[in-house]
Amino acid sequence: MSTLKLIWIVLAKELRDGLRDRRSIMSALIGATLSPLLIGGMLTVIAGRGKDAEEIKLPVAGVENAPAFVDWLKQQTGVEIVKAPADPEQAVRDRKEDVVLIIEKDFSKNMARGVPAPVKLITDGTRDSARPKAERAKTLVTDYSSQLAALRLIARGVAPSIAVPVRVQDVEVSSAQERLATLLNILPLFLVLAALTGGLQIAIDATAGERERGSLEPLLLSPVPRVALAAGKWLAASTFGCGSVVFSLLLTVNVLRRVPWHELGIRFRVSDGDLMSLLALVLPLALFLSAVVMFASTFARSFKEAQGYIGLLILLPMLPGVLSSLYPLSNRPWLAPIPIVGQYALAADVLGGKPPSVAYYVLSGVSVVACAIVLLALTSRLLTREKIIFGR
Amino acid sequence: MIEIQGLRKAFGAVAAVRDVSFNAADGTVVGLLGPNGAGKTTTLRMLSGLMRPDAGTIRVDNADVVADPIGAQSHMGLLPDSRGLYPRLTPIEHIEYFGRLHGIEGPALAERTRTLVARLGLTDVANRRVSGFSQGERTKVALARALVHQPRNVILDEPTNGLDVMSTRAMREVIRGLRRDGCCVLFSSHIMQEVSALCDRIVVIAQGTVVADGTPDELRSVTGRDNLEDAFVALAGLETEEIA
Numbered sequence: 260m261s262t263l264k265l266i267w268i269v270l271a272k273e274l275r276d277g278l279r280d281r282r283s284i285m286s287a288l289i290g291a292t293l294s295p296l297l298i299g300g301m302l303t304v305i306a307g308r309g310k311d312a313e314e315i316k317l318p319v320a321g322v323e324n325a326p327a328f329v330d331w332l333k334q335q336t337g338v339e340i341v342k343a344p345a346d347p348e349q350a351v352r353d354r355k356e357d358v359v360l361i362i363e364k365d366f367s368k369n370m371a372r373g374v375p376a377p378v379k380l381i382t383d384g385t386r387d388s389a390r391p392k393a394e395r396a397k398t399l400v401t402d403y404s405s406q407l408a409a410l411r412l413i414a415r416g417v418a419p420s421i422a423v424p425v426r427v428q429d430v431e432v433s434s435a436q437e438r439l440a441t442l443l444n445i446l447p448l449f450l451v452l453a454a455l456t457g458g459l460q461i462a463i464d465a466t467a468g469e470r471e472r473g474s475l476e477p478l479l480l481s482p483v484p485r486v487a488l489a490a491g492k493w494l495a496a497s498t499f500g501c502g503s504v505v506f507s508l509l510l511t512v513n514v515l516r517r518v519p520w521h522e523l524g525i526r527f528r529v530s531d532g533d534l535m536s537l538l539a540l541v542l543p544l545a546l547f548l549s550a551v552v553m554f555a556s557t558f559a560r561s562f563k564e565a566q567g568y569i570g571l572l573i574l575l576p577m578l579p580g581v582l583s584s585l586y587p588l589s590n591r592p593w594l595a596p597i598p599i600v601g602q603y604a605l606a607a608d609v610l611g612g613k614p615p616s617v618a619y620y621v622l623s624g625v626s627v628v629a630c631a632i633v634l635l636a637l638t639s640r641l642l643t644r645e646k647i648i649f650g651r
Numbered sequence: 006m007i008e009i010q011g012l013r014k015a016f017g018a019v020a021a022v023r024d025v026s027f028n029a030a031d032g033t034v035v036g037l038l039g040p041n042g043a044g045k046t047t048t049l050r051m052l053s054g055l056m057r058p059d060a061g062t063i064r065v066d067n068a069d070v071v072a073d074p075i076g077a078q079s080h081m082g083l084l085p086d087s088r089g090l091y092p093r094l095t096p097i098e099h100i101e102y103f104g105r106l107h108g109i110e111g112p113a114l115a116e117r118t119r120t121l122v123a124r125l126g127l128t129d130v131a132n133r134r135v136s137g138f139s140q141g142e143r144t145k146v147a148l149a150r151a152l153v154h155q156p157r158n159v160i161l162d163e164p165t166n167g168l169d170v171m172s173t174r175a176m177r178e179v180i181r182g183l184r185r186d187g188c189c190v191l192f193s194s195h196i197m198q199e200v201s202a203l204c205d206r207i208v209v210i211a212q213g214t215v216v217a218d219g220t221p222d223e224l225r226s227v228t229g230r231d232n233l234e235d236a237f238v239a240l241a242g243l244e245t246e247e248i249a
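Sequence lines, in order, name chains E and A. Numbered according to my numbering, the first sequence spans residues 260 to 651. Numbered according to my numbering, the second sequence spans residues 6 to 249.
Hints were generated in silico from the structure; no laboratory data involved. All of these numbers come straight from a predicted model, not from anything done at the bench. Fair warning: there could be bad hints in the mix.
[As the list claims (entries may be wrong)] Label-pair restraints from in silico Cβ distances:
id, chain 1, residue 1, chain 2, residue 2, range
1, A, PRO112, E, ARG485, 27 to 37 Å
2, A, ARG134, E, ARG485, 21 to 31 Å
3, E, ILE289, A, ASP73, 21 to 31 Å
4, A, THR128, E, VAL581, 53 to 63 Å
5, A, ASN41, E, LEU575, 36 to 46 Å
6, A, ASN67, E, ILE632, 30 to 40 Å
7, E, THR643, A, GLU110, 21 to 31 Å
8, A, GLY187, E, ALA636, 35 to 45 Å
Just so you know, even glycine gets a beta-carbon here, dropped at the ideal spot from N, CA and C.
All chains should be built: construct the whole structure from the sequences, respecting the hints.
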């Protein structure tokens, strides 16, 4: 009988067994739904913050000290002046307010004498969520200051431009897509996790599970080459992993299409081509990750022992993900042949709107599948070891 | 037909099997009898092809087990020491899975499955998942999957371990049936009654060596004991002081 046919027999049995296992299904589903929920939630929160900065409620203390300044503030779009709390510093420290503007007593007197008029901006630098609002408040004050400066120079017959020897003009080179990609950097991480968790249970069940149940020895008594057994089990786990990735990606895209992008100031567009690119990257990785899990859990005598090893393995896909937020992996397509890292690097380019050439996809796919096949060969070697067959 | 010659296997410094040789002919039931730790399971594991002997030869129907384990495995049906099942599959699915792995398919597989289910008395539970099965039912399923390819040589490692009276009787019936079909049956046991009730020949093994090989009557006459159990105890060296 041909090896291919034997592989198919093992694959069919493991799939049937896996589909009846509530744990396998749950693990695949949880892995797949985690990403859309978290990404959707995160982007909605970020969108909300952007909105916060545009429509700002600014608590001001000492309104009576600078009526003209306060009137100017009120005229600015999206600014509403509210009464400041009794103890502004404490209020910011307690996170009751994001920012408080204090106009000091001497404001009008100093203004009239032409010396800098004192205001205080109370903020908490440790709070990321308050930062857009604090920056907006600071910009308002400096805008007012420079407008007054210009007026004073004109009153003295000097052109205001003379007081601006250098003008900074911000030129943003990243496209809106790329800026969005920094937000979506986390998407590949979730897809990789889905690839891992999707086939995890079935890969453990087919190796450590067989040993724990005592069904490995009877199975190995069948006249079947070890490599056919290992390959059938591996393909079953990979099928679950790939299913989980596809499901996760579809759900995430659905969620992303519901995020209020206009409030982020970005027109969101992930084309179907981009989706296909992400799939083409992560699906071969599911084959690799299943092979890693199978290899590791073949050493384990029981499910529990295997889960111990896998706990460490889960850090593996997290590591480049965390790394990429510190050291961006975009524009480094030569990382392609390194499993996991390569997928992150290429995914960052896809999401940044600069899809890498097809050769890099092929390179990453071939490399990752080659690694999987090596692991598979090692796993089938393990299945001939007496310690593994009989050690329970 | 099973031929074992000069088998030896050590685990580190411990010699589990020192020198085991015996033959088992077609149409006979041979009992491998010995106390716990005598080397019975290790011998059967080497016979199954999953464990490599340090020395010695094993031939099953003229296939060399050491050189070509997979080729030899299709001549053998083995009920090993561990009889784990897949809790989410039914007995029929177990039999069919192993049948397919042996290259049986289509109507032949369905026919063979039906026969085994009827013969082993699994009809009532044939379509239930095995997770809640009794020890007896589990052993029957394990035996069915070992017999699916109609092996000419059947090797059973302590087949009645953990079974109740009725299941033990059923197992004996199966073994007699296999002998009627002309199979070579080799089974290990440490229970005297079982061996004396079934075996045409008994191979007594103790501390990794064969200490006696013959029909029950021959063993009685060699040891000079009428009772087969006493003969076994004497042969296995369990009462050396008393003999001396």
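Legend entry - ILE289 of chain E paired with ASP73 of chain A, Cβ distance criterion 21 to 31 Å: violated (46 Å)
Legend entry - 53 to 63 Å as the expected CB spacing between VAL581 of chain E and THR128 of chain A, which holds or is violated: holds (58 Å)
Legend entry - Distance restraint hint 36 to 46 Å, applied to the beta-carbon atoms of ASN41 of chain A and LEU575 of chain E: Given range 36 to 46 Å: holds, Cβ gap about 45 Å.
Inset, instruction - Using the Cβ atoms, figure out if PRO112 of chain A sits within 27 to 37 Å of ARG485 of chain E. - result: holds (30 Å)
Inset, instruction - Using the Cβ atoms, figure out if ASN67 of chain A sits within 30 to 40 Å of ILE632 of chain E. - result: holds (36 Å)
Legend entry - Verdict for GLY187 of chain A, ALA636 of chain E (Cβ pair) under range 35 to 45 Å: Given range 35 to 45 Å: holds, Cβ gap about 41 Å.
Inset, instruction - Could you tell me whether the CB distance from ARG134 of chain A to ARG485 of chain E stays inside 21 to 31 Å? - result: holds (28 Å)
Inset, instruction - Check the following: the C-beta atoms of THR643 of chain E and GLU110 of chain A are separated by a distance inside 21 to 31 Å. - result: Between THR643 of chain E and GLU110 of chain A, where Cβ atoms are some 27 Å apart, the hint holds.
The earlier numbered hint that this structure contradicts is number 3, and it is the only one.
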